[in-house]
Amino acid sequence: MTVINIINLKKSFNDKKVLNGVFLKLEEGEKIVIKGPNGCGKTTLLKIIAGLIKPDEGIVEISPGTKISFMFQNPIFLPWLNMEENLNLTCKDPSKLKELIDYFDLKDYLNLFPHQLSGGYLQIFSFVRTFTIPHNLLLLDEPFKSFDINRKEKAKAFLKSHLDNKKITLLMVSHQEDREDKEIADKIFNLF
Amino acid sequence: MKNSLRFKITFWIIFFLFWYLMGMRINSPAIFPYPHKVLLKTISLLSDTEFLYNLGITAIRSLVGLFLAFFIGFILGNIKNEKFYVGIRNIIDIFQSNPLIIWITLALLWFGFGSKTVIFTTFIMLFPNLYLSVYYALKNIPTEYIELFKIYPISKKNYITKFLIPYIKPFILPVLANSTISSFKISAMAEFFATNNGIGFLLSYAKTFLNTEYIYAISIYLFIISKFLEYIFRKMNILKEDLKL
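These protein sequence lines map, in sequence, to chains S and B. The C-terminal residue of the first sequence carries number 376 in the working numbering, and the numbering is unbroken. The C-terminal residue of the second sequence carries number 1382 in the working numbering, and the numbering is unbroken.
Hints were generated in silico from the structure; no laboratory data involved. Since the model is a prediction, treat every value here as computed from it, not as a measurement. Check before you lean on any hint, since a few could be wrong.
The calculated DMTMM-like cross-link candidates involving lysine to aspartate or glutamate, where the alpha carbons are at most 25 Å apart (straight line), are [as the list claims (entries may be wrong)]:
id, chain 1, residue 1, chain 2, residue 2
1, S, K351, S, D292
2, S, K276, B, D1230
3, S, K194, B, E1284
4, S, K238, B, E1187
5, B, K1293, S, D240
6, B, K1287, S, E212
7, S, K280, B, D1185
8, B, K1294, S, D292
9, S, K219, B, E1219
10, S, K201, B, E1281
11, B, K1294, S, E269
12, B, K1299, B, E1281
13, B, K1276, S, E211
Not the full set, but computed from the structure, chain S residues with beta-carbon under 7 Å of chain B [as the list claims (entries may be wrong)]:
id, residue
14, L236
15, W264
16, L273
17, T274
18, F315
19, I368
20, I372
Computed footprint of chain S on chain B; a stretch qualifies when at least three of its residues, placed anywhere within it, have a C-beta under 8 Å from a C-beta of chain S [what the hints assert, rightly or not]:
id, segment
21, 1178-1184
22, 1363-1377
Glycine included, C-beta positions come from ideal geometry on N, C-alpha and C.
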């Protein structure tokens, strides 16, 4: 079953063409990593698929019943809530949340506010949040960007096990230099 | 002693000295009474029930005007329709382009002598800033938060209590605090022309009978009330700290 079918997608910002005729098809359970240089429209493509940005031209077909979870490139948390309150606010799966808090050893950081955490920790919390809502399409925008090596390995291991034997479709944006994407993806989609 | 306190004490000594010297130079209690006489009058008003009663009336009128301006400003500020905004903006331009005295005069014609005129005038003067602060705060909600809640939807109750109110608070509270301080002055001004009670009326009455000490004493109370409210709002971190020397 086709989950995403993108035909001739075009998007410009202030006359600057970001996406110029993109075609992409994802089958259920498929895992694709999008690569490309800075400013080539990787994030824009994910946001269009998530329905956060409207395309100028082209067709974006998402199969009915698709539940999307999106990990933003820059972690977004409400600065007046601590991390526990931030996660609980959007969480639809408390047991998954608890499991991930334990897995990443984040208990000691739950009482802290976003401004008290490093970029790396915010990225981990953002990664955790992605799995706390029901989804069968995962859109991850440079998910391991600010992780240290240990957490990167743990996150990748978790993602792989999460995707194993499940009909979850993955579309992940990754930086050009990341070589380990092959461990996760079925295909690499180059966006130029 | 801290520098700022020393400066304040020096300032007030010079201020009262200057006042005293001006009083001696002008030599007319009906125009420029001596500071010690004004201070004695100010203290005596504390036990003057008529004065306290009128002070209370002014406080109630200003709070009603403030509440109406905030309530209506908040409700209308939540309407995101651009055409509606342009319509309200035009009305606000009319409110703001006319001096206070025009509104007092018009209110006197529409509502007659009494509280309604004072409340209406207070409302007209406070509504624009309160409405605009709500409207712009909501209009400028960062895209990232809008995107966050599209992907991670939350209940309406949580959206209001955990996002909207905390987000909007820093935009509205300083305006509300300044409006509270202004409301008292606006109401007193309107009462001067439009009522037979309240602080403004006492000023008008004192002016008619050239009771200058009384006028000065009332102005000191208006100053104290305004500074006291400012102090409270600063302590609550709603208004920013003033310049410290």
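Quick rundown of the hints versus the structure:
1. S:K351 to S:D292: violated, 34 Å
2. S:K276 to B:D1230: violated, 47 Å
3. S:K194 to B:E1284: holds, 21 Å
4. S:K238 to B:E1187: Given pair S:K238, B:E1187 is violated - Cα atoms ~66 Å apart, limit 25 Å.
5. B:K1293 to S:D240: Status violated; Cα separation ~31 Å.
6. B:K1287 to S:E212: holds, 23 Å
7. S:K280 to B:D1185: violated, 68 Å
8. B:K1294 to S:D292: violated, 29 Å
9. S:K219 to B:E1219: violated, 40 Å
10. S:K201 to B:E1281: holds, 22 Å
11. B:K1294 to S:E269: Satisfied, since the Cα-Cα distance of roughly 15 Å is no more than 25 Å.
12. B:K1299 to B:E1281: holds, 16 Å
13. B:K1276 to S:E211: violated, 39 Å
14. L236: holds, 5 Å
15. W264: OK, holds: S:W264 within 7 Å of chain B, min 5 Å.
16. L273: holds, 6 Å
17. T274: Holds, because the Cβ-Cβ distance from S:T274 to chain B comes to roughly 4 Å (cut-off 7 Å).
18. F315: violated, 12 Å
19. I368: Violated, because the Cβ-Cβ distance from S:I368 to chain B comes to roughly 21 Å (cut-off 7 Å).
20. I372: Not OK, violated: S:I372 not within 7 Å of chain B, min 25 Å.
21. 1178-1184: violated (count 0)
22. 1363-1377: violated (count 0)
Comparing the model with each numbered hint stated earlier shows that hints 1, 2, 4, 5, 7, 8, 9, 13, 18, 19, 20, 21, 22 do not hold.
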